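Peer 1: What follows is each chain in one-letter form.
There are 2 protein chains.
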Amino acid sequence: MTVRSRFFTEAEGQAVGVENAAAKGDVLLVCEHASATIPQKYGTLGLSPEVLSSHAAWDPGALAVARLLSEKFDATLVYQRFSRLVYDCNRPPESPSAMPVKSEIYDIPGNFELSEAERFARTSALYVPFHDRVSEIIAKRQADGRKAVVVTIHSFTPVYHGRFREVEIGILHDSDSRLADAMLAGAEGSSLRVNRNDPYGPEDGVTHTLRLHALPDGLLNVMIEIRNDLIANEGDQAAIAGFLHELMEKALSSIDG
Amino acid sequence: MTVRSRFFTEAEGQAVGVENAAAKGDVLLVCEHASATIPQKYGTLGLSPEVLSSHAAWDPGALAVARLLSEKFDATLVYQRFSRLVYDCNRPPESPSAMPVKSEIYDIPGNFELSEAERFARTSALYVPFHDRVSEIIAKRQADGRKAVVVTIHSFTPVYHGRFREVEIGILHDSDSRLADAMLAGAEGSSLRVNRNDPYGPEDGVTHTLRLHALPDGLLNVMIEIRNDLIANEGDQAAIAGFLHELMEKALSSIDG
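These protein sequences, in sequence, are chains W and S.
The first sequence stops at residue 257 when you use my numbering, and every number in between is there.
The second sequence stops at residue 257 when you use my numbering, and every number in between is there.
No wet-lab data here; the hints were simulated from the structure.
Everything numeric in this text was worked out from a predicted model, so none of it was measured.
Where hints are given, some of them may not hold.
Restricting the straight-line Cα-Cα distance to at most 20 angstroms, the calculated cross-link-like pairs of lysine to any residue (SDA-like) are [said to hold, decoys possible]:
id: 1; chain 1: S; residue 1: Lys41; chain 2: W; residue 2: Asp217
id: 2; chain 1: W; residue 1: Lys140; chain 2: S; residue 2: Thr9
id: 3; chain 1: S; residue 1: Lys41; chain 2: W; residue 2: Ala143
id: 4; chain 1: W; residue 1: Lys41; chain 2: S; residue 2: Glu136
id: 5; chain 1: W; residue 1: Lys140; chain 2: S; residue 2: Ala117
id: 6; chain 1: S; residue 1: Lys41; chain 2: W; residue 2: Leu215
id: 7; chain 1: W; residue 1: Lys140; chain 2: S; residue 2: Glu10
id: 8; chain 1: W; residue 1: Lys41; chain 2: S; residue 2: Ser135
id: 9; chain 1: W; residue 1: Lys41; chain 2: S; residue 2: Asp217
id: 10; chain 1: W; residue 1: Lys147; chain 2: W; residue 2: Gly25
id: 11; chain 1: S; residue 1: Lys140; chain 2: W; residue 2: Glu10
id: 12; chain 1: S; residue 1: Lys41; chain 2: W; residue 2: Gln142
id: 13; chain 1: W; residue 1: Lys102; chain 2: S; residue 2: Glu94
id: 14; chain 1: S; residue 1: Lys140; chain 2: W; residue 2: Phe8
id: 15; chain 1: W; residue 1: Lys41; chain 2: S; residue 2: Ala139
id: 16; chain 1: S; residue 1: Lys41; chain 2: W; residue 2: Pro216
id: 17; chain 1: S; residue 1: Lys41; chain 2: W; residue 2: Ala139
id: 18; chain 1: S; residue 1: Lys41; chain 2: W; residue 2: Asp132
id: 19; chain 1: S; residue 1: Lys102; chain 2: W; residue 2: Glu94
id: 20; chain 1: W; residue 1: Lys140; chain 2: S; residue 2: Arg6
id: 21; chain 1: S; residue 1: Lys140; chain 2: W; residue 2: Glu118
id: 22; chain 1: W; residue 1: Lys41; chain 2: S; residue 2: Ala143
id: 23; chain 1: W; residue 1: Lys140; chain 2: S; residue 2: Phe7
id: 24; chain 1: S; residue 1: Lys147; chain 2: S; residue 2: Leu215
id: 25; chain 1: W; residue 1: Lys147; chain 2: S; residue 2: Arg6
id: 26; chain 1: S; residue 1: Lys41; chain 2: W; residue 2: Ser135
id: 27; chain 1: W; residue 1: Lys41; chain 2: S; residue 2: Pro216
id: 28; chain 1: W; residue 1: Lys140; chain 2: S; residue 2: Glu118
id: 29; chain 1: S; residue 1: Lys140; chain 2: W; residue 2: Thr9
id: 30; chain 1: S; residue 1: Lys72; chain 2: S; residue 2: Leu252
id: 31; chain 1: W; residue 1: Lys41; chain 2: S; residue 2: Asp132
id: 32; chain 1: S; residue 1: Lys41; chain 2: S; residue 2: Arg119
id: 33; chain 1: S; residue 1: Lys41; chain 2: S; residue 2: Gly110
id: 34; chain 1: S; residue 1: Lys24; chain 2: S; residue 2: Lys250
id: 35; chain 1: S; residue 1: Lys140; chain 2: W; residue 2: Arg6
id: 36; chain 1: S; residue 1: Lys140; chain 2: W; residue 2: Phe7
id: 37; chain 1: S; residue 1: Lys140; chain 2: W; residue 2: Ala117
id: 38; chain 1: W; residue 1: Lys41; chain 2: S; residue 2: Gln142
id: 39; chain 1: W; residue 1: Lys41; chain 2: W; residue 2: Gly13
id: 40; chain 1: W; residue 1: Lys140; chain 2: S; residue 2: Phe8
Next comes chain W alone, as it looks inside the complex (with noise of 0.2 angstroms):
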């Protein structure tokens, strides 16, 4: 009669996906976006399956090139199962946005005037337990004098509102941009447009996890924004991950040098 229990039926499993737990690498990979999964007790939310597919539901493509980089820096994944319509784990309960009740131009019935029972309930099966865990394997990383660089995946839809986008790979950072500088330095002359706090930043409120987790202790972090079309198939997102790759990896050395 768990919390756990309560929520999810047996099949669906439990809230957070862990990946390459035993990793050696300093990096920990984070995807808070990485799966359409609504709970069965939610029903499709009284949306339609093209919005349930979409970027409004998860980001594309980014659950696939976080396991990719997983492998290539044997890199811990912590990745959340279910879809940030019915909570966004990169929002704190107190935003708007935790819960939404319009993504893009899309309104969301299921979550109109939410009962306090049910925004607890979803806080404490999905959001909690996410952020537990990461914290978890922050801390037992401290305990062992080992690192933790704490990069965020994400995607981004390349039209919005109706407007095409021309960035198409997004270097997010909150307060403390030594990783994000780096990486940015060395995209110079890159054959991809990548760009800094683009198409979101800190303002928008996208950094909660780098928040949570880094800037109290100071670790190294950043968050990866990549347009969901260049991600689109395995052949790009190989692409796209192994071009993220180099470029972290070179930015991480000048970092510790």
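Keeping the supplied structure of chain W fixed, place chain S upon it in accordance with the hints.
Peer 2: Okay, now just chain S, sitting in the frame of chain W:
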């Protein structure tokens, strides 16, 4: 390296206290403001010893009365082992009163400009496990075909913002007033001044626990506020517990009948 072990010292233990867990009675007692204890990591929150032992930090006498009622009703009692100055478990994380910057006339410096990481730590260590435990107990009773009558026990200060409060016992309710109505009817003609939704009511946001645990499933519920000068010593606590026990027993059987 659990949340608990990162938040509390070993001696402090954990946030939730449960007494009489194997109780056979229908009543489930909840005491959110049972304790004035501040976890060691927060020191004094910048407050004087006077404030730290005052009604700002806890509901004096409430836990003592709840314990007496737990015995009389053979009721399970769930209480918070730490001060509401750190997290007020009768408020959701999105409420400004959850981690208050001011209580009555006192500023709370240790709560000024809390980071998202700090808010998460408190929500995760104090609020979520508390209400998870209450939910778990109710779900278990429902699975066993047993009733759960949710009763929260609070106390209030006789003088607030310089004004004396005439009310002695407040019977508070949200949208479901069945138990409160029956108790108020039973209190007519008693020597104590027993009022409805006084000195607080649902519009003050004080019915969060009732909204979380009783309203969704239509469980009988009530919130009891006792003026704390009436429960300042053991004799008075016993007298008030006796009064409330009789009042609620009568009310419950009038509803059952």
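Peer 1: Holds or violated: lysine 41(W) and glutamine 142(S), Cα atoms, limit 20 angstroms.
Peer 2: Given that 20 angstroms is the threshold and the Cα spacing comes to 19 angstroms, the pair holds.
Peer 1: Within 20 angstroms, alpha carbon to alpha carbon, are lysine 24(S) and lysine 250(S)?
Peer 2: 18 angstroms, holds
Peer 1: For the pair supplied as a hint, lysine 41(W) and alanine 139(S), confirm whether the alpha-carbon distance does not exceed 20 angstroms.
Peer 2: 16 angstroms, holds
Peer 1: Within a Cα-Cα threshold of 20 angstroms, do lysine 140(S) and phenylalanine 7(W) meet the stated pairing?
Peer 2: OK: lysine 140(S) and phenylalanine 7(W) at ~14 angstroms, within 20 angstroms.
Peer 1: Given the hint that lysine 41(S) pairs with arginine 119(S), test it: the Cα-Cα distance must not exceed 20 angstroms.
Peer 2: Distance of about 14 angstroms is within 20 angstroms: holds.
Peer 1: Between lysine 140(S) and alanine 117(W), is the straight-line Cα distance small enough, at 20 angstroms or below?
Peer 2: 17 angstroms, holds
Peer 1: If you draw a straight line from the CA of lysine 41(S) to the CA of aspartate 217(W), is it 20 angstroms or shorter?
Peer 2: 16 angstroms, holds
Peer 1: Regarding the pair lysine 41(S) and glutamine 142(W), is the alpha-carbon distance no greater than 20 angstroms?
Peer 2: Cα-Cα ~18 angstroms, so holds.
Peer 1: Lysine 102(S) and glutamate 94(W): Cα distance at most 20 angstroms?
Peer 2: 18 angstroms, holds
Peer 1: Quickly compare the C-alpha distance for lysine 140(W) and glutamate 10(S) to 20 angstroms and report which way the hint goes.
Peer 2: 17 angstroms, holds
Peer 1: Hey, lysine 147(W) versus glycine 25(W), does the alpha-carbon distance stay inside 20 angstroms?
Peer 2: 8 angstroms, holds
Peer 1: Can the restraint linking lysine 41(W) and glutamate 136(S) be considered satisfied, given a maximum Cα separation of 20 angstroms?
Peer 2: Holds - the C-alpha atoms of glutamate 136(S) and lysine 41(W) are around 18 angstroms apart, at most 20 angstroms.
The structure fails none of the hints (numbered hints given earlier).
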